[in-house]
Amino acid sequence: MKRVIVFALTGLLALVGCAPAPVTPTEVPTPMPGPRALRVMTHDSFDIGEETIAAFEEQYDAQVEILQSGDAGVMLNQAILSADNPLADVLYGVDNTILSRALEAGILVPYNSPLLDEIPDSLKLDNQHRALPVDYGNVCLNYDKGWFADHDLTLPVSLEDLVKPDYKGLTVVENAATSSPGLAFLLATIGHFGETGNYTYLDYWADLRANDVLVVEGWEDAYWGQFTYGSGGEGDRPIVVSYASSPPVEVYFAEEPFEEAPTAAVVGAGSCFRQIEFVGILKGAQDRDLAEAWVDFMLGATFQEDIPLHMFMFPANQNAVLPDVFANFAVIPERPAEVDYTAIEANRETWVEAWTEVVLR
Amino acid sequence: MGRGVDRGGAALRDYKRSKMQDAGHLLHLASCLLPLVFLLLFYFYPLASILTLSFAPAGSLSLAPLEKLFRTPYYLHTLWFTTWQAALSTLLTVGLALPGAYVFARYDFFGKSLVQALTTVPFVLPTIVVALAFTALLGPRGMLNVGLMSLLGLDRPPLNFQYTLGVILLAHVFYNYTLILRIVGTYWANLDPRLEEAARMLGANRWQALREVTLPLLTPAIGAASLLTFIFCFTSFGVILVLGGPRFATIEVEIYRQTIQYLNLPLAAALSVIQIIFTFALMAAYTRLQARPLDLRPRQVTQRRPRNRREWLVIGANVGLMLALLIAPLVALVERSLTLPAVNGVSLAFYRQLFENPRGSAFYVPPMAAVRNSVEFALATMVLSVTLGLMAAAVLDARRETRFLGRLLDPIFMLPLGTSAVTLGLGYIVALDEPPLNLRTSPLLIVLAHTLVALPFVVRSVLPALRSIQPHLRETAALLGATPYRVWREVDLPIVARAILVGAVFAFTISMGEFGATSLIARPERPTMPIAIYRFLGRPGASNYGQALAMSTLLMLVCTASFLAIERFRVGEVGEF
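In the order they appear, the protein sequences are chains A and B. Taking the numbering used here, the leading residue of the first sequence gets 1, the next gets one more, and so forth. Taking the numbering used here, the leading residue of the second sequence gets 1, the next gets one more, and so forth.
Please keep in mind that the hints were generated in silico from the structure rather than gathered at the bench. Treat each hint with caution, since some may be false.
[Said to hold, decoys possible] Derived list of chain A stretches under chain B, where covered just means 3 residues or more per stretch with a C-beta under 8 Å from a C-beta of chain B:
(1) 40 to 48
(2) 119 to 125
(3) 251 to 257
The beta-carbon is built from N, C-alpha and C at its ideal position, and this holds for glycine as well.
With the sequences and hints as input, model every part of the structure.
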């Protein structure tokens, strides 16, 4: 019955001739003799060079299908719900804020890639190597250099600066309950100020609120709508939560060539949160060998050196050479705030609820 | 004529009528079945799967999450806020758009179809883009505040719209104005103006005639359009999140948070169920508002060019409102896409950059490919939802025997609109994973998901018109020997053709602008225009911002052109009202 109806509907669509042809060259799932197929599930921010993927496809006579599946949270939920009948062979894009959930769900299988040797130990969070680090980036405060010069105000250098009277009404942050940089910045304050003692992260946020911090839904709204630099003048907040890589990206995507970045990141000790993105092989992968080859490929030089200018993250492989714009304009915070990834999963709801209570209600 | 002949004629009539009814029943059955099967497969089945998984993860049913909802003040508060903001938004939208509908129904003037097309453009714009347009107009450094500051010599922006209830309401009017304008306006255009004139002749003043004669006749159309508006605002997501800011939350926002942030499926499912029950109850109450058969007049008779200054004033005021409320934000976007802040001049640089792929990205979207993908999805959605929607409307229109069925089915056809995209999206992942329904990564799934949302719009647009047809017209046609199909084609179609086009425009629009559900479906490369816009907005840099706005402008252009084209569409030589 079902089959008949599906055929009828498909037929109807095909008949009308307007349907996007349901069968496209990229999605022939039947394993035919010929190229091997690899499906990679990832988030919407995934991007890489055409030639990079082509290099892999050529080397392994394979066809790579990239399934973009919403943001990292949506993607992981899809992967968990489809665990019994996985949508893909490889999952890329789980970061340390949701790593624990991915590992507990048991959807990834261990793979001890030989390339792990080239990756610093500080990035390897899962000692069973179910999740292998691919890249990392730091969520930091960014400020508009020109605005501070015009207003003759000292540049911010630490989280503590934001609660000073001079900085009243200057900062915009993202909602920790719905935005990934928003959550990362909350984690930075938790790592920096701690949960106990006489000045906790909640005390800090209460002070920030008193200093007129603006909380908005997501990065796009904060950066383009509220940040003074982002949209070229509509916003009125010169400090925004963004990434340490945003200043070089501003240079890279500028309309006119810059001598120096128009914005800068606050990278003082404990003022940033480091996001690490992982790749893993999904349990039930159809072609395990090819999946392993892909993981090795992602950790190898070709792919790693292509990461910065496509995803604006830093390659995990320490041998990868950075592009000029990153080498010249990017600053890597030496001591990001420390929050254990297992603690994040265990406390996420409590932290976010407490934060919401203090900052928004 | 003798009595015998007359009796023979009656027998023949009875025979023909019963034949017609048989054929009608068969047709009914078929057209009843197809939309139902569609809902069963692509709505109820995935929904039931995800709800089962959520409420009974270990096989035993637990309704504790539902209980928890009703014992937590926060969720009760959220439900209350969701309801009243939707009610207020609907009232405002109807209040502002009804005069516009009147003007569009009764007068014919230069530029009318272009203005009408432009008022529908907001419907397709991603919320974040609308938020940026609003900031450009109303933000602390927006045109309005800067203008007022220099005018009044102030040193602080006098108006603060951002992250207030006011901006939520404004955005809901911005998005939904077109629903009232099109659905009510189209229906109103066929109302006989002589009814109102008669009332005036009998001594009623303009206001009394409107209240006592016209508004009651318009009730079915106003009801349908308000209902759609209400459900849209009730399940509002992007507007609340982005424009309202984190202090406001609707049920839909909570469903998203609970699902994505905490993977708390039981709680999310409980919230979804509440939302669905609410939609169903509302719909069931609404179905009581049945349209009555009316004497309809072709629009050539009801519409005329404005004659005096008062009429021009009414038209000017309404078109002015549309320009200020709906079109000014669009113009602000276009203006920004053409301006290079660095050199302070007009330039097509961002449009040129759309066609370049300097880094050789595998995910570069050639603008024409995005346009093609969007339009293909939208056309497929339009065709599928108009086909299914007409069938569904025919079932719901049944007057006698199957009336009970119609009453029951009507709310059911509306349910997808009141269902969380997050919940349904995950339902697809869980349910549609085995052949022959292995559609999880098929582009067809996007069309099906869009159709689900578009179907209620087609049904609601067509049904009031269908119900206004005098039964004697059909009976006469049948009596004269027309087959049921011919009756439909010669009687029904000319009367409902306009309404079908309205439904088609909305189906097309929904698919063009839809992002929420699309982003929840794992999809191979087939990027649409909204997806391309989000991709540009996802990274810093002036040229990305400019390209996002350029792509938004392209989206607006494609939509305006499509609306104008759809409205000009005619089926063969079928005459039209």
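Structure-based check of all given hints:
1. Coverage of a stretch by a chain is defined here by at least three residues with a beta carbon nearer than 8 Å to that chain's beta carbons; for the segment 40 to 48 of chain A and chain B the count is 6, and the condition holds.
2. Given a C-beta distance limit of less than 8 Å, the hint that chain B covers the segment 119 to 125 of chain A is violated, as 0 residues qualify and 3 are needed.
3. For the segment 251 to 257 of chain A, the stated coverage by chain B holds: 5 residues have a C-beta nearer than 8 Å to a C-beta of that chain, and at least 3 were required.
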